[in-house]
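> Generate coordinates for the entire structure from the input sequences, incorporating the hints supplied.
Respectively, the protein sequence lines represent chains A and B.
All residue numbers for the first sequence refer to my numbering, where the first residue is 1 and numbers rise by one.
All residue numbers for the second sequence refer to my numbering, where the first residue is 257 and numbers rise by one.
Treat the hints as calculated values from the structure; they're not laboratory data.
No false leads were slipped in.
No farther apart than 30 Å at their CA atoms in a straight line, the calculated lysine-lysine pairs in the DSSO-like style are these:
#, chain 1, residue 1, chain 2, residue 2
1, B, Lys368, B, Lys497
2, B, Lys326, A, Lys70
3, B, Lys326, A, Lys65
4, B, Lys321, A, Lys70
5, A, Lys80, B, Lys326
6, B, Lys321, A, Lys65
7, B, Lys336, A, Lys70
In this text the structure is predicted, and so the values were computed from the model without any measurement.
2 protein chains.
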Amino acid sequence: MCQLLGMNCNTPTDIVFSFTGFATRGGLTDEHRDGWGIAFFEGNGVRHFVDHQPAISSPVAELIKSFPIKSKNVIAHIRKATQGPVILENCHPFVRECWGRYWVFAHNGDLKDFAPVLDGAYHPVGTTDSEQAFCYLLQEMRRRFGDTLPAMSELTAFMREMTAEIASYGTFNMLLSNGEALFTHCSTNLYYIVRQHPFATAALSDDEVAVDFSELTTPKDKVAVIVTAPLTKNECWTQFKTGELKVFVDGDLLPD
Amino acid sequence: MCQLLGMNCNTPTDIVFSFTGFATRGGLTDEHRDGWGIAFFEGNGVRHFVDHQPAISSPVAELIKSFPIKSKNVIAHIRKATQGPVILENCHPFVRECWGRYWVFAHNGDLKDFAPVLDGAYHPVGTTDSEQAFCYLLQEMRRRFGDTLPAMSELTAFMREMTAEIASYGTFNMLLSNGEALFTHCSTNLYYIVRQHPFATAALSDDEVAVDFSELTTPKDKVAVIVTAPLTKNECWTQFKTGELKVFVDGDLLPD
Numbered sequence: 001m002c003q004l005l006g007m008n009c010n011t012p013t014d015i016v017f018s019f020t021g022f023a024t025r026g027g028l029t030d031e032h033r034d035g036w037g038i039a040f041f042e043g044n045g046v047r048h049f050v051d052h053q054p055a056i057s058s059p060v061a062e063l064i065k066s067f068p069i070k071s072k073n074v075i076a077h078i079r080k081a082t083q084g085p086v087i088l089e090n091c092h093p094f095v096r097e098c099w100g101r102y103w104v105f106a107h108n109g110d111l112k113d114f115a116p117v118l119d120g121a122y123h124p125v126g127t128t129d130s131e132q133a134f135c136y137l138l139q140e141m142r143r144r145f146g147d148t149l150p151a152m153s154e155l156t157a158f159m160r161e162m163t164a165e166i167a168s169y170g171t172f173n174m175l176l177s178n179g180e181a182l183f184t185h186c187s188t189n190l191y192y193i194v195r196q197h198p199f200a201t202a203a204l205s206d207d208e209v210a211v212d213f214s215e216l217t218t219p220k221d222k223v224a225v226i227v228t229a230p231l232t233k234n235e236c237w238t239q240f241k242t243g244e245l246k247v248f249v250d251g252d253l254l255p256d
Numbered sequence: 257m258c259q260l261l262g263m264n265c266n267t268p269t270d271i272v273f274s275f276t277g278f279a280t281r282g283g284l285t286d287e288h289r290d291g292w293g294i295a296f297f298e299g300n301g302v303r304h305f306v307d308h309q310p311a312i313s314s315p316v317a318e319l320i321k322s323f324p325i326k327s328k329n330v331i332a333h334i335r336k337a338t339q340g341p342v343i344l345e346n347c348h349p350f351v352r353e354c355w356g357r358y359w360v361f362a363h364n365g366d367l368k369d370f371a372p373v374l375d376g377a378y379h380p381v382g383t384t385d386s387e388q389a390f391c392y393l394l395q396e397m398r399r400r401f402g403d404t405l406p407a408m409s410e411l412t413a414f415m416r417e418m419t420a421e422i423a424s425y426g427t428f429n430m431l432l433s434n435g436e437a438l439f440t441h442c443s444t445n446l447y448y449i450v451r452q453h454p455f456a457t458a459a460l461s462d463d464e465v466a467v468d469f470s471e472l473t474t475p476k477d478k479v480a481v482i483v484t485a486p487l488t489k490n491e492c493w494t495q496f497k498t499g500e501l502k503v504f505v506d507g508d509l510l511p512d
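Following this line, the structure appears as structure tokens:
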């Protein structure tokens, strides 16, 4: 199984702290050695880094840890290959454009006998079930809504329907963002936390690192972090239920 | 005006030497300080780095210079903004997927009153004429050839036609690759060289660096480098003519 990490905030925030603990799982404290990737929205643009080397020994991961990129929406992934060989085009997250926006997607899990008809604008470059699911989701989204981004409520209803359909083929923990919202779906393992005023000190589970967020934030900041397994040992993470879709905008969990 | 750098080879080759001279132009020996980007094909995957900081002071550019990524097709760009503000989504190269392959595009020049109808699968995320041209080109390519990648001769004829059409709106020096071929079009400034056996020593024009390629290559290697202005002072670069489209595959210039 792979590991997912997502962040959605109301102000551009760096993910160095969370990524440091997360990247440790790519070969050191866990077995996910089959590559990794991370995508940061910056305005409407995306910085996209993928590597089929383990995160723990990747020079690109070193760059991410030492160079604080500030973003309101981040998706990261560490891969344990289940379908498709360890090659660059199979590393998550995947990026596509729809309606003049980038969409970023990462998946943890395994889909069995999943062979959607892909006769639209999106086709996988690699050989993973995950990229197939992403292409299918965007194809159907475009089919449903035509040429324009719908209202958030309509988009959320669509995502709820689609993720349930795809999850019927197996395990579908996923993160998807268009730079505004972060859509998250849980089949098995996903936790979230919203960090907000009053901020406290957090200590990583995977590394001997602690950070006092009150020194780095303003009282208005809200930062939602979504992850396969809690990253810190002294904070209270909420576990998703099986089949839940949760949507985060500006660091807030939207009501169902 | 921006600066372009492309490389097409028959064996994965690192671009550290050429990029070192090229990146120097991003703020030190030339005035192109409005961001930069580079994309490397690796198999069917793409490593894509963009930054709106000047290449000369960008930590990501430092990574590229010190971490030799081997690739058969590379496109790099240093931006001098003519249309669109200095934001990440306006940095070249741009990446899209068509027919299950990534396509990478960078442009140098300025298109006037260029407003193609974009009613297909590709829409600009940023505000540059360049990304518009790229989306238009892919849209028309898909319209012409349907669901499958055509033979190289058909694709080349199409690119010749399309680049001439787009170039009628202004200056259109461009590099485009699908990981197999590197399509290059010149309106004003573009030079190329094919390095092959017997390899010699090359000395950068922009920096005090020389490299003996014979130590780094095998006799079978072929490396085509395409650039806005020659990168070395002791090699013989061939200048493109206005309106020329040249296609490179496996380090060879294809015959017209």
